[in-house]
Amino acid sequence: MVATGTGALVMIVVAAFMMYTARSFASLDNYLDLDIKSRLTLDRMSKEIRQSDRLISFATNELVFAYQGTNLTYTYDADARELRRGFKGGTETLLDGCDELTFSMFQRNPIGGSFDQYPTATTETAKLIQLTWVCSRDIMDAKANTETVQSAKIVIRKQQ
Amino acid sequence: MKLRDRQGTEGGNVLIVTVVITALMAFMLTGFLTHTTNQNQHTIRSMAWNHAVPVMEAGVEEAITHLYRNRANGYATDGWIPFNNAFYKKRTLGDSVVIVGISNVSPPVVYAWARVPIPGKSEVFARRSVMVNTIDEGLFARGLVAKREIVLKGNNVLVDSFDSRDPAYSTGGQYDPAKRKDNGHVATNLGIISALSTGNANIFGTVATGPGGSVSIGPNGSVGDIAWQASGAGGIQPGKSKDDMNVSFPDVEPPPGGALLPPSAGSPVTISASGNYTLSGFNASFTVRSNAHVNLTVTSDINITGSDRITIEPGGSLNLYMQGKVAKIAGNGVANAGGSATNFVYWGLPSNEELTINGNGSLTGIIYAPEADMTLNGGGSSVEDVTGASVSGTATLNGNFQFHYDEMLGDLFKDRPFIVTAWNEL
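So the sequences go chain by chain: A and B. Note that the numbering used here numbers the first sequence so that position 80 is 80, with each residue one more than the last. If you count the second sequence from 1, you need to add 160 to reach the numbering used here.
What the hints contain is simulated information worked out from the structure, not anything from laboratory work. Any given hint could turn out to be false.
Claimed, not checked - Some chain B residues judged to face chain A by a derived CB distance under 10 Å, without partners named:
hint : residue
1    : Trp209
2    : Ala218
3    : Val220
4    : Val292
5    : Gly351
6    : Ser354
7    : Lys402
8    : Val580
Glycine included, each C-beta is placed from N, C-alpha and C at the ideal position.
Only chain A is shown next, with the shape it has when bound in the complex (with noise of 0.2 Å):
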C-alpha cells in the first residue's frame, strides 16, 4: 500500500516534470524558429534592399524594388500571417505566423538633433526603409511565445 502510494506520487512527480519539460522544449523549439527565420529574413532582406536600385511602389504592407533588372516584392498577407517574397516570377515565404508587419519609408538625411530621418511620401526620394513585424507561435493553441524585430532601417545605398 505503502509502496503503491510512493510510486504513484512519484510517477505523478515525473509526470508533472515531464509535462513541464515538453512545454519547455516546445517554448525553446519555437523561440529558436522565430529567432532563425527572423534574423534570416532580416539578413536576406537588408542585403537586397541596400543594394536595390530604388523603390518602385510602397504600401505599408508592400514594397517593390528594382533589383538587378527586375522587381523584387515583399508582401505581408494579414490573413495568412505570412511575409512573402516575390523575384523573377518565383514567391516564397520568409516569415510565417506573424502579427503584424508594417514597411515605413524615410529619406537618407537624418533630421538635426535626433537619430530619425526624414519621412517621405513619395518613392522618388525614398532612400530608407524600416522594417518591423511581430511574429508568435502557439503551444496546444495558447499564444506562448513572441518575437518583436525592432527599428530595422535599412539605407538603399545607390545615392543617384
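With the hints as your guide, set chain B onto chain A.
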C-alpha cells in the same frame, strides 16, 4: 527467504525505473543544452555577419574619401599600394580586417573585403565583400543652385538649358531658344517652407529643396518639361518637385598668389600674358587680352561702376578668385566676348559674403560662391540673358532675367566627392 527474494526483485525494479528516468532526464537535458547552444551559435554568427557590414562600409568610405582627396595627385599615396592598374590598402579595425581596392578605371570601382572573427571560435571568421560603382559629379550638375534661399522676382524670368557641345541643342555653341532643353534645374539645400520662391518664372526643368522644404510658386509660374510649358499649364508638373536636395559645397582654395598688380583705383588694368595675378583695390575696368589665361586673386572688395567693365577678349579666360567680402559688378558688367561660360569663372572664397551683378546686357560665365549672397539685378525693360551655371549661398534674381544652364558644364569641374551609383554585395 521469500521476503528477501521479493525485496531483491523490487530493488531491481526501482533501480531500472531510476536508471530509465535518469536517462530520460539526461536525454532531455542534453537536448535542451543542444538547442540552447545552437541558438547561441546562430546568434553569434549572425552578429558577426552583420558586424562585417560596417567594417566593409568603413573601407568603402575610406576609398571614396581617398578618391576625392587625391584625384589630382594620383592614388598611390597615404598608404595605398599600386597593383595591376589598381590600388589597395589593408586596415585593421580592432580585431576585424578590411582590405579595400580601387580599380583605376573611369569612373573608379571600389572593392571591399571585410573579415570579422566569430566570438568563441578560434580562427573562424565571417567574411563579406562588396563592389561599389561610383560617378564623379561636377560642381555644376544643376543650373541654379544655392545653399540657402532662392528667390526669383521680376518679369519674364525663365530658366532652361542647352548644350553648347551639341548642335542639336545649340547654334554655334551658343544658346538658341529654338533648341532649348528642359534641364534647367533650380535647387537649394534649405529645408524650410518657401525655401525656393519661383514667383511667376517659367522653369524648364525641376525644382528641389532640402528635406522638409517647400516651393512657393506665383499664380503665373510654371515648372515642368518643354511639353508642360508648351501646354500653358501653370503650377508644378507632377514629379518635377522634390525635397531631397542634400549636396556638399566644397570651399574654394585660391591659386598661388602670383604677381602683385598695382591697385586699379580709377586706372584700367589690362593683362596680356597668361599667369597668376593678385589685385587689391578692384574698382576700374579690367581686361584680359586674347589668348591670355589669367588666374586673378582679389584680396579686397570689388566695386565696378559707371562705364567700367570686366572684358575678356576672344580666346582669353579669367578665373577670378574673390577673397574680399563684397563684390559689386555694375557698370557695363562682364563682357565675355568668347561666348563660352568657361571663359569667365567667379570663385568666391569663404570670406566672400556678397556678390551683386547689375546686368547691362548679357552675362556669360560661371559663378561658384557657396558662402555669398548673390543678387542679379536686371537692367531696364529688356531681357537679360545669363548663360552658364551658378552656385551661391543665396540667390536672388530681380528684373527681366533668363537663365540658360549650359549642360556641358556638368561634365567639368569634377571637384565633388564621388557618388555611389551601385552597391553589389558579392
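How the hints compare with the structure:
no.: 1; hint: Trp209; result: 7 Å, holds
no.: 2; hint: Ala218; result: 14 Å, violated
no.: 3; hint: Val220; result: 9 Å, holds
no.: 4; hint: Val292; result: 8 Å, holds
no.: 5; hint: Gly351; result: 8 Å, holds
no.: 6; hint: Ser354; result: 18 Å, violated
no.: 7; hint: Lys402; result: 6 Å, holds
no.: 8; hint: Val580; result: 5 Å, holds
Violated hints, listed in ascending order, are 2, 6; each of the other numbered hints is respected by the structure.
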